[in-house]
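In the order they appear, the protein sequences are chains A and B. Per the numbering used here, the very first residue in the first sequence carries number 1; after that it's consecutive. Per the numbering used here, the very first residue in the second sequence carries number 1001; after that it's consecutive.
Treat the hints as calculated values from the structure; they're not laboratory data. Don't take every hint at face value.
Think about it this way: if two alpha-carbon atoms lie no more than 30 Å apart in a straight line, the pair counts; the simulated DSBU-like pairs of lysine-lysine are [to be verified]:
no.	chain 1	residue 1	chain 2	residue 2
1	A	K195	A	K275
2	B	K1083	A	K275
3	A	K65	A	K275
4	B	K1091	A	K97
5	A	K275	B	K1091
6	B	K1035	A	K170
7	A	K170	B	K1091
8	B	K1024	A	K170
9	A	K197	A	K275
10	A	K170	A	K251
11	A	K65	B	K1014
12	B	K1024	A	K247
13	B	K1083	A	K251
14	A	K248	B	K1083
15	B	K1083	A	K109
16	A	K197	B	K1091
17	B	K1091	A	K195
18	A	K248	B	K1024
19	B	K1035	A	K247
20	A	K381	A	K361
21	A	K140	B	K1083
22	B	K1051	A	K170
Here the structure is a predicted model, which means the values were calculated and not measured.
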Amino acid sequence: MVATEHFDAIIVGAGPAGSAAAYIMAKAGLNVVLIERGEFPGAKNIFGGVIYRKQLEDIIPEFWKEAPLERQVIEQRLWILSDQAGVTIGHRNEAFKEPNNCWTGLRVKFDQWFATKAEQAGSLNIYETVVIDVIREGEKVVGVRTDRDQGDLYANVVVVADGVNSLLGKALGVHREWSPNEVSLAVKEVIAMPKEKIMDRFNLEGNEGVTTEFVGNTMGMAGLGFLYTNQDTLSFGVGVMVSDLKKKRVKPYELLEGVKQHPMLRRLLQGGETKEYAGHLIPEGGFHSIPPLSGDGWMICGDAAQLVNFVHREGTNLAMTSGRFAAEAIIEAHETGDFSRVGLAGYDRRVKESFVHKDLKKYKGLHHFLSDSDPSLTFDKLPKALNEAAYQMLLVDGVPKSDKQKIAMRGVTQAAGGLMNMVKLGAQGWRAMNG
Amino acid sequence: MSSIAEKLYTIRYKVDETSHLIIKDQDVCLHCETKECQDFCPADVYHWMDKESMTSVAFENCIECGTCRIGCPTYNIEWVYPKGGHGITYKFG
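Next comes chain A alone, as it looks inside the complex:
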């Protein structure tokens, strides 16, 4: 361990936020160290599986020529499920290919590639090392304490990118513990399936891929499921709010197995072999849970800062962008030599002017909307009523269409607790989605 060396920056966590920050600073000639607690970058990391082009392209142009990606996503589906049925919407478009909008991916491969890019740019990467605390001089953060012997490291600035469980963020006093309604628990399986079978089942050519998100059928808990196509595996999972999980006393893996039995999913998954089970928290507190982003000698990025847009399943790209902004602000501070709160405020300004802040702000009411409204209504009764309405409308049984329409409407309104409640719910939902 290089205990006495002083770095320009220490980055904690070799996920997308940390590697982005390390890569950009190293490329600019700064002396940086990237510390990761896993055996290798990505060893502890999972995500649903979508990597967007734009935000990584801003860091590494034409990265797709070398990055380990799975399939280019040309179709995105949203399924609203009851236990035996589904109303499906979606969009498939060749235009998603040129330029490519997003790819599916797997974190172990992707994170290793990204951290190696930082290393090649000059970052000193240290793995199998836990950062247990920050070192302060007065108010200012001046380094980190690791679980290695003589493992103290010093730097002008510490970038905290240690993920949703950010123990370092808490050591720093930046944020309190998340409450159970600010995080959801996602459990996931990577399911192996022959490439040809995936391509047939999802109607794909070459390297094309499909993502499917599904709402409903989560035992009345607020949550979302996903099924993404990789090269020769599928990423399948479901995430629900921890607060709901606590109330319902459901075992997460039993929920996952239950969802697998849905006829629309079962048919897509059958014959596959589970290669890996995984679980991870997703920060879903939204805009109001974002802590202060920087201070004297420190910054916080990515999941550790609750920068996740759960409405659009975007997190990795917000992480990478926040890491980039942190790096750019540190490069500026490096020129002036000011690493105080004021000197590092360029990070906050960049985040605020970007889509990261704007998108999270747009949905700032959604967290409260979901906490206040009954999840069994939004995630169970309404999806069921919608499916029943679709069934009634499509079933030809001699009942006149006008009667069917009335029955369908009545079913949906009843599920919502009456017409007034439905209108109210719609209005509240609209406001929550539109800042």
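Got chain A sorted already, so can you dock chain B onto it with the hints?
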């Protein structure tokens, strides 16, 4: 339908000798009415043992998600990361 044992079998672990999950006070568990850690943990780490009047912690199974730290109604679980390089290592992620 695959069991949790089968699911956990797909994961590679490098298990540390000492637990990174500590029940702060078993007496608190004794008086806990819900004992919901037995349910919400995605890796079945926690089991209430009636005979011994204590919560057992199978930390070897832990997938380091952090749910127990946040979900325990009395915050009775001290949750830290396993020693560097130890604990779960995903193959796909």
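Hint-by-hint comparison with the structure:
{"no.": "1", "hint": "K195/A <-> K275/A", "result": "holds, 15 Å"}
{"no.": "2", "hint": "K1083/B <-> K275/A", "result": "holds, 26 Å"}
{"no.": "3", "hint": "K65/A <-> K275/A", "result": "holds, 27 Å"}
{"no.": "4", "hint": "K1091/B <-> K97/A", "result": "holds, 29 Å"}
{"no.": "5", "hint": "K275/A <-> K1091/B", "result": "holds, 9 Å"}
{"no.": "6", "hint": "K1035/B <-> K170/A", "result": "holds, 26 Å"}
{"no.": "7", "hint": "K170/A <-> K1091/B", "result": "holds, 29 Å"}
{"no.": "8", "hint": "K1024/B <-> K170/A", "result": "holds, 19 Å"}
{"no.": "9", "hint": "K197/A <-> K275/A", "result": "holds, 17 Å"}
{"no.": "10", "hint": "K170/A <-> K251/A", "result": "holds, 28 Å"}
{"no.": "11", "hint": "K65/A <-> K1014/B", "result": "violated, 34 Å"}
{"no.": "12", "hint": "K1024/B <-> K247/A", "result": "holds, 23 Å"}
{"no.": "13", "hint": "K1083/B <-> K251/A", "result": "holds, 28 Å"}
{"no.": "14", "hint": "K248/A <-> K1083/B", "result": "violated, 33 Å"}
{"no.": "15", "hint": "K1083/B <-> K109/A", "result": "holds, 23 Å"}
{"no.": "16", "hint": "K197/A <-> K1091/B", "result": "holds, 22 Å"}
{"no.": "17", "hint": "K1091/B <-> K195/A", "result": "holds, 19 Å"}
{"no.": "18", "hint": "K248/A <-> K1024/B", "result": "holds, 25 Å"}
{"no.": "19", "hint": "K1035/B <-> K247/A", "result": "holds, 12 Å"}
{"no.": "20", "hint": "K381/A <-> K361/A", "result": "holds, 29 Å"}
{"no.": "21", "hint": "K140/A <-> K1083/B", "result": "holds, 27 Å"}
{"no.": "22", "hint": "K1051/B <-> K170/A", "result": "violated, 37 Å"}
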